[in-house]
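Produce the entire structure from the sequences given, and follow the hints as far as they go.
Which chain is which? The protein sequence lines are A and B, in order.
Reading the first sequence from the start, the letters are residues 1 to 374 in my numbering.
Reading the second sequence from the start, the letters are residues 1001 to 1245 in my numbering.
Derived by calculation from the structure, the hints in this document are not laboratory data.
Keep in mind that the hints are not guaranteed to be accurate.
[Said to hold, decoys possible] Derived DSS-like pairs (lysine-lysine); straight-line CA-CA distance at most 25 angstroms:
1. K11/A <-> K32/A
2. K86/A <-> K1127/B
3. K72/A <-> K1234/B
4. K86/A <-> K1162/B
5. K34/A <-> K1115/B
6. K1133/B <-> K106/A
7. K20/A <-> K1133/B
8. K39/A <-> K1234/B
9. K1082/B <-> K20/A
10. K73/A <-> K106/A
11. K106/A <-> K1081/B
12. K94/A <-> K1162/B
13. K32/A <-> K1132/B
14. K1133/B <-> K94/A
15. K20/A <-> K1193/B
16. K94/A <-> K1220/B
17. K99/A <-> K1132/B
18. K1127/B <-> K37/A
19. K1081/B <-> K99/A
20. K34/A <-> K1127/B
21. K86/A <-> K1186/B
22. K1186/B <-> K94/A
23. K1115/B <-> K99/A
24. K1193/B <-> K94/A
Note that the coordinates shown come from a computational prediction; the quantities given were computed from them, not determined experimentally.
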Amino acid sequence: MINFDIIEEDKQCTIKISGKLTKETIRSIYPKIKRIKEKFFLIAKVDCVGLNSLDYAGALILADLSASFCEKKSSVIVIGMNPNFKRIMLFARKNLRQKSQVVEIKENFFVAPIIKMGKNIVDSIDSFVFFLSFLGESSLQFFRILLTPWKFRYKATAVHIQKSGALALPIVALTSFLVGVVIAFQSAEQLAKFGANIFIVDMVSISMFREIAPLIAAIVIAGRSASSYTAEIGTMKITEEIDAMRSMGFEPIVFLVLPRIFALLIAMPLIVFFADMIGIAGGMLVAKSNLGISYSEFIVRARDVVATKQVLIGLFKAPFFGLLIATIGCFRGFQVTGSTESIGRYTTISVVNAIFWVIVCDALISVVLTEIGI
Amino acid sequence: MSEIVIKVKDVTTKFGKHVVHDKISIDVKEGEIYGILGGSGSGKTTLLREIILLQKFQSGSIEILGKKIGQMSYSDTIWLKKNWSVLFQFGALYSSLNVLENVSIPLIEYTNLPKEVITEIALSKLKMAGLKKEATYLFPSELSGGMKKRAALARALVMDPKILFLDEPTSGLDPVGAENFDILIKEIATLLKLTVVIVTHDLHTIEHVLDRFCIIYDKKILFQGTLDEAKKFKHYAIREFLKFK
Chain A
1 MINFDIIEED KQCTIKISGK LTKETIRSIY PKIKRIKEKF FLIAKVDCVG
51 LNSLDYAGAL ILADLSASFC EKKSSVIVIG MNPNFKRIML FARKNLRQKS
101 QVVEIKENFF VAPIIKMGKN IVDSIDSFVF FLSFLGESSL QFFRILLTPW
151 KFRYKATAVH IQKSGALALP IVALTSFLVG VVIAFQSAEQ LAKFGANIFI
201 VDMVSISMFR EIAPLIAAIV IAGRSASSYT AEIGTMKITE EIDAMRSMGF
251 EPIVFLVLPR IFALLIAMPL IVFFADMIGI AGGMLVAKSN LGISYSEFIV
301 RARDVVATKQ VLIGLFKAPF FGLLIATIGC FRGFQVTGST ESIGRYTTIS
351 VVNAIFWVIV CDALISVVLT EIGI
Chain B
1001 MSEIVIKVKD VTTKFGKHVV HDKISIDVKE GEIYGILGGS GSGKTTLLRE
1051 IILLQKFQSG SIEILGKKIG QMSYSDTIWL KKNWSVLFQF GALYSSLNVL
1101 ENVSIPLIEY TNLPKEVITE IALSKLKMAG LKKEATYLFP SELSGGMKKR
1151 AALARALVMD PKILFLDEPT SGLDPVGAEN FDILIKEIAT LLKLTVVIVT
1201 HDLHTIEHVL DRFCIIYDKK ILFQGTLDEA KKFKHYAIRE FLKFK
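Structural data, given as structure tokens:
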């Protein structure tokens, strides 16, 4: 395929190239080229008589070689190159750009982590400031809407109630049913030991109404809707749709954010109540099959032990969760910039944030309610 | 006569019931710069996408570098894809890679060249495409539209393709930038002996770069030939399109 012979005589060398010098063959001769590049000759002769194929990569290698000879003030003589190859050579030489000419910003191994930490801190501060301004803008637009309620996007809100609420019901049902079954199963065994079978009703219904169902519903909705809100708004940002809206005087907050927030504010309590019912149904099923408590017994007992406040506490949390999920989802969407990669990054961040803040919010409400004795 | 490298014969394309192309035929000769012209929505880009295997068509045949679309083995398609390259309208640089990596990636995937050589080739192609040194390590999101195009051109050239497809190469560039880009394409095509297929409606490109072109009008090929031939062709659509006085 290729022959690349180097004959060194004192201060002169002859390089004889024959065959094909192309992308496919360069690898085999590259070590030789590297070696000869480091040496010094007064005269370097390049004999290309036998060269019968040369592509741009090959020409570039030769151009680079002759450039490095010239740098060391050796004279380079090329013989026997056909005019066609000469043209490619000249073109390659014209377009030669050595790596040393290009400044690459190299990271210092020891300083890099500190720089990164600093950057992260600055980024989080920026992000927090941006969040405040987002919150401010949203509130401002909300109050404006209160003064001009006919400008509220009712239709979009309805669409989002359907998309993030109604269409989420199957998966919410499945999850809360399974969680209901699991709780009942685990407690059934313990309660049977004490002969306290009937207490499974208290166990399942109170925990379901007060804590489990709202949390499960919120986590499912956070995974489903926070991600889609971020991705939708993020894509619109990249395709400049948001800018287009702004330039036409359509407030993105009014068109995109408020409908989503209100949709979840309205849908979340309904979803939570739905999850309550299905979760308790799961518990009932286990109570019947494992502890022999009939459905009517279960329901009568539940009516006696579950105070209305337990149900209301669960439902009271739901709008907060909805508000958190929608706000975080939209906010992260507005943070997307430039590349498609950042959509993925912010979608992940938004789901993780949403779930985290839902749990924090749940804990806070629990503490507050316990402190005031409810 | 030079050889025909792309032969489109009686191709009909429909999107649902909407007919885009009605039995159109063109042929591109080796080493020429060929233009696919037409108004907005006339299906220029669709035709290009059909040639480069990104879009299916309903009937007819397309033959490229001696291979017929629809009758190719997997290795044939890979061979083809190594021998052509496409400059998409908005560059389509990979957003997770920087400019140098974007240009290097075909070489890394398809050749066994040493890393330094790959970098050297990539840098040289970037210089050839007229991208400033400072942009070498930037990411696509940090580039302007014109720089993206230049980086994408460098990526398109890096494998020394036989055929280069350009989708509206000068759109979104300023007039001077567009003119320079035209000159660059012409220069590269002549020096590297490329066959170039350009989808365009830029009059400067049509006048100064194209050897031959076709005009898609009302789902059919209205005209195929050189600019001088087009000048003699008396059809109001052509005269209007090419803005002949």
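Exercise for the section: Find the hints from earlier in the document that the structure breaks and name them by number, from lowest to highest. Expected result: The structure breaks hints 3, 7, 8, 10, 11, 13, 16 and 19; every other hint is satisfied.
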